[in-house]
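Construct the entire structure; sequences and hints are all you get.
Protein chains: 2
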Amino acid sequence: MKKILTLATGLLLAATAAFGQELANFQRQAPVVSPEVKNDSVTFRLNANYATVVNLQTNFTQGQIPMKKGPNGIWSVQLPLPEPEIYTYNFVVDGVSVNDPVNYMVQRDGTRYLNMLFVPGERSKNYYESNQRGTVSYVWYDSKILGINRRVTVYTPYGYEKNKNKKYPVLYLLHGAGGDEEAWSSMGRTAQILDNLIEQGKAVPMIVVMPNGNPNQQAAGTMGLPTSQINFRDPSMANAYVRSLCEEIVPFIESNYRVIAKPASRAIAGLSMGGGHTIAASQLYPSLFDYICPLSMGAAPTDESRAQLRALKKDGYKLYFLACGDADFLFDRAKQLDQTLTEEGLEHTFFVSKNGHEWRNWRLYLNTFAPLLFK
Amino acid sequence: MKKILTLATGLLLAATAAFGQELANFQRQAPVVSPEVKNDSVTFRLNANYATVVNLQTNFTQGQIPMKKGPNGIWSVQLPLPEPEIYTYNFVVDGVSVNDPVNYMVQRDGTRYLNMLFVPGERSKNYYESNQRGTVSYVWYDSKILGINRRVTVYTPYGYEKNKNKKYPVLYLLHGAGGDEEAWSSMGRTAQILDNLIEQGKAVPMIVVMPNGNPNQQAAGTMGLPTSQINFRDPSMANAYVRSLCEEIVPFIESNYRVIAKPASRAIAGLSMGGGHTIAASQLYPSLFDYICPLSMGAAPTDESRAQLRALKKDGYKLYFLACGDADFLFDRAKQLDQTLTEEGLEHTFFVSKNGHEWRNWRLYLNTFAPLLFK
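Just so you know, the protein sequences line up as chains A and B, in that order. To get the working numbering, take the position in the first sequence, counting from 1, and add 4. To get the working numbering, take the position in the second sequence, counting from 1, and add 4.
Hints listed in this document are in silico derivations from the structure and should not be mistaken for laboratory results. Each hint should be verified, as a subset may be incorrect.
If chains are identical, the list can't say which one is meant, so a pair holds when it fits in one copy or spans any two.
List of simulated lysine-lysine pairs, DSS-like, C-alpha gap at most 25 Å [as the list claims (entries may be wrong)]:
id	residue 1	residue 2
1	LYS266	LYS379
2	LYS266	LYS166
3	LYS166	LYS148
4	LYS148	LYS168
Given below as structure tokens:
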């Protein structure tokens, strides 16, 4: 069995060295290293001999940063290394946004593709792959409420396939405006964070369900599927997505996966618009979730919401974890919700972080509240 | 339950209209439409007021095509619409490759991100989403042979989760050099093709397993995982990936999924380097697969391969489907294998298409041979 199949080997090595899968698309890259992390600095480089102006933009700096043209037409700029995290960047070549051609770690934020810069350290260590890795699946459910077939991302923890009799609790994890069912698994590093927390014994093994929160979408826009033409201003469509989540997605998951179908084994969390969905779901379906985590969102109190919160309190829950950055444009809203929860006597955590309405906070929040669930 | 949660709604609509998920990344796009398919033409446009030269490159045209600057700094070029298919393109702005910022249908070929152009028609109709859609999962298996934890893409057909007692046949589908475990599911449109064929009753419901064929990789380079430092020139590592496929991945799938674990329910197919893996697996493990489909690959005969083919013939199989484009740089190799199969008396199909070593052929081949499997 260990004999070499010589007929194919030489040819394959030649093909590997010379071609991509499609010959026509083959192009040799100049030997540029970017980004290069060294000691306390990071250097970005771009081979652009014919460009007039090349700038860098990142989510850890302000505005566009000029790059300087060096020998061989390679533009570069060196910046102080930011604190451990995952950052995004891209170049601007003569006014046009360009991804770094030698860094193919790319994430999509809505309609924009951005290069990633990993800075390792304590804060970001759970954002890397652990040793034991769960499965990420893209599944479809039929929504009668929304009239379309819709894509959902499902994380099942390491061992799910093997442990055929074990049942798991479920976290429903919701994205923000501009996002879709891929947002939490890509930018949010959900699989990596859960894998690490579970492997470290800090979180219990759980399933994480990440639906698409745009009620007119079948799936992320990258899939090119038509959007539905439902008029969501029609009163009959009020809260249509939250209804689909609670009345369709939850039952779909509970009939297709090995799930503990009880409130004490259901959590809901969401960022920004998804925080609004979390608040709405927890108040419209007070018996469904025992763990409620709105992130970077809040709410001004109304008589109706106060009544709903009192009903939620009466019904009971195990955790209400509200989180927001102190530089978030919704921080005042979050403080209003914190105050209303206090006034209505709902036990809760108000987790306030640095920074604003951004993924470094949402990853931090997931890494913080996931260990508190289902215990 | 239909009452509107007014506290959140207004705020959310405002957030949806004004922001992406990350405020800092928000940028308004100019209202450019690209690509625009109209009657028999397609127009590509890019807003690049400060660029000196803007070109277009595609995989259905040769070389770079100059674009012309129009009013408001929008560059454009109109081309005759190519025949129905999925094509790729990008812009070149002052010498730098740029993705089309208003078309976020993007696919990655190895290290390169390319925009997609869909041209609808009979030939491409199975590349769109069908009504009943299977699940695409990213799972990990531990390879003792390769010493790493490795990512595998698994397609399970519509109904797999629901039909808890049904067992399925499995197609192992292998990518080429430069590709990885995401190649077939993204560029190859595997899920869409299988969904359509199954829904039309042309193919039997099957599981499709798409491993990573680069033996030093844990996963696609986009995941940023370190590669292993094994010396694959060491004789003990000969055919290490094919051994891991046949001795580790096949058993992993058969113990974790509801699978008919018989040769008559196992198929193997692969393109280019994956075609080489297919040939190697079928000859080193003649009893494992009853359906063998090397694509855009071939082999010059050797005494050893002739002996292996005779052993395969003796062992028996149900389908040997060899496919190649008549403009493929490996077409002569494919013809050699065709001739050797004939000389050794192995019944087979030699499916010759137009065009070369490219995805429009590999999608066509999958769409052609999948209906022949497991019948």
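Give the relationship of LYS266 and LYS166 under a CA distance limit of 25 Å: within one copy only, between copies only, both, or neither. both (23 Å within a copy, 21 Å between copies)
Should LYS266 paired with LYS379 be assigned to within, between, both, or neither, using CA atoms and 25 Å as the limit? Cα proximity of LYS266 and LYS379: one copy only (14 Å, versus 44 Å across).
Measure nothing new, just compare the shortest in-copy and cross-copy C-alpha distances for LYS166 and LYS148 to 25 Å and report within, between, both or neither. Answer is between; shortest inter-copy Cα gap is 18 Å, intra-copy 33 Å.
My question is about LYS148 and LYS168: at a cut-off of 25 Å on alpha-carbon distance, are they close within one copy, between copies, both, or neither? So LYS148 and LYS168 pass the 25 Å test across copies only (23 Å; inside, 31 Å).
Every hint, counting from the list given before, is met by this structure.
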